[in-house]
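Participant: Sequence:
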Amino acid sequence: MNISCIILNYNDAETTISLVNSIINYKTLDSIVVVDNCSADDSLSKLKRIAGGRIHVIASERNGGYGYGNNLGIRYAYGTLHASHVLIANPDVKVSEDCIKAMKDSFLKLNRLGVAAAVTRDGAGTVTLSSWRINGLAGDLLDTGLITRRLFAPWLNDRPELQAGSTKAGAKERLEGYPAAQNERQEREDERYVSVDAVPGSLFMADIHALMDCGLYDEEVFLYYEEKILGYQLKKMGYQTVLLLDRSYVHLHSVSIDKSVKSILKKQALLHKSKLHYYKKYLKINRFQECLVRAFLGFLMGEIWFLTKILGLSW
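If you count by the UniProt record's numbering, then the sequence shown holds residues 1 to 315, one letter each, in order.
It cannot be assumed that every hint is accurate.
[Unchecked claim] BS3-like mimics (lysine-lysine), calculated; alpha carbons at most 25 Å apart, straight line: (1) LYS109 to LYS46; (2) LYS48 to LYS104; (3) LYS236 to LYS109; (4) LYS236 to LYS280; (5) LYS281 to LYS235; (6) LYS236 to LYS309; (7) LYS94 to LYS104; (8) LYS235 to LYS273; (9) LYS275 to LYS235; (10) LYS46 to LYS104; (11) LYS236 to LYS273.
Hints were generated in silico from the structure; no laboratory data involved.
Bear in mind the structure is a predicted one, so any value in this text is a computation, not a measurement.
Take the sequences, apply the hints, and build the full model.
Facilitator: Right, dumping it as structure tokens:
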């Protein structure tokens with residue numbers, strides 16, 4: 001296996017360089033490709049200073065979004081560095097070599113594996129959302145609203161989420177009882193994993209050929225929802241996506257994104273645009289359904305505006 005780590009930077013060279021410095025000596029990685037996504041600051045000049053050896057720095061001609069920038073890195077890793085696998089990493093993650101090696105090993109053990117990921121933790125070490133279930137249109141919409149998500153949580157969360165607690169034992173306990181038909185748990189050589197529909201885009205390892213079979217990232221999506229679209233495509237093409245239950249990494253959620261898109265309303269608008277694209281292109285909704293979706297998403301924007309602007313809440 002030839003593994004290249006892809007790190008996408010936009011106006012956040014310090015965070016990106018910090019990650020590069022933390023993983024540069026990992027023997028599991030054959031190369032690191034840093035893609036500057038047409039930053040508006042002096043990121044590119046800073047990143048070029050660390051280029052050399054296993055570190056490659058390339059620049060995009062435009063900021064085409066998260067998928068566009070990562071696709072540049074994936075194509076470079078495949079065409080120039082002859083990588084067979086890529087480790088997609090957000091700049092604001094902290095990951096051990098042991099975690100990366102466990103992902104690598106899973107590709108040597110499992111047939112037709114497209115993506116492998118580890119459990120996600122926040123800066124305090126608490127387990128956070130580590131995978132998503134791909135629901136139909138109704139389920140996906142209900143999972144979007146703050147109120148509907150809570151009302152229909154038992155139905156929507158029939159998936160191996162590690163929502164609370166930070167101990168390995170506690171995580172394993174919470175995974176007991178999930179239907180085998182939905183989430184196939186395995187135990188091999190003391191390493192536990194579960195088959196899932198989609199994992200967070202903050203850190204995962206992928207087979208490059210599987211990504212190419214799925215058309216790589218959908219570049220019509222600028223930001224948000226890339227994970228579900230990729231998971232949807234991988235599942236459709238017959239590839240597995242697995243979550244390693246005994247390995248974890250830290251994601252300082254949205255540290256890089258917050259520097260570029262600070263408003264919760266702007267973030268939500270980007271999410272809704274990506275959702276609508278997913279519904280139209282992949283779920284093939286009709287015009288009547290599209291009208292209902294637009295109305296529901298408009299209501300949710302009003303809900304968020306009221307909570308943030310009137311009540312002054314934040315999250």
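Participant: Does the structure keep LYS94 and LYS104 at a Cα separation of 25 Å or less?
Facilitator: 17 Å, holds
Participant: Straight-line Cα separation of LYS236 and LYS273 no greater than 25 Å?
Facilitator: OK: LYS236 and LYS273 at ~23 Å, within 25 Å.
Participant: Does LYS104 lie within 25 Å of LYS46 when you go C-alpha to C-alpha?
Facilitator: 31 Å, violated
Participant: Is LYS275 within 25 Å of LYS235, Cα to Cα?
Facilitator: Since the Cα atoms of LYS275 and LYS235 sit roughly 18 Å apart, the hinted pair holds (cutoff 25 Å).
Participant: CA of LYS109 to CA of LYS46, is that 25 Å or under?
Facilitator: 40 Å, violated
Participant: Please work out if LYS236 and LYS280 have their alpha carbons no farther apart than 25 Å.
Facilitator: 17 Å, holds
Participant: Measure nothing beyond the straight line between the CA atoms of LYS235 and LYS273; if it is 25 Å or shorter, mark the hint as holding.
Facilitator: 23 Å, holds
Participant: Keeping to a limit of 25 Å between CA atoms, is the pair of LYS281 and LYS235 held or broken?
Facilitator: This hinted pair holds, its Cα atoms lying about 16 Å apart.
Participant: Starting from LYS236, check that the Cα of LYS309 is at most 25 Å away, please.
Facilitator: 41 Å, violated
Participant: Would you check the hint for LYS236 and LYS109, treating anything up to 25 Å between C-alpha atoms as holding?
Facilitator: 22 Å, holds
Participant: For the pair supplied as a hint, LYS48 and LYS104, confirm whether the alpha-carbon distance does not exceed 25 Å.
Facilitator: Roughly 28 Å separates the two Cα atoms, so the pair is violated.
Hints 1, 2, 6 and 10, counting from the list given before, are not met by this structure.
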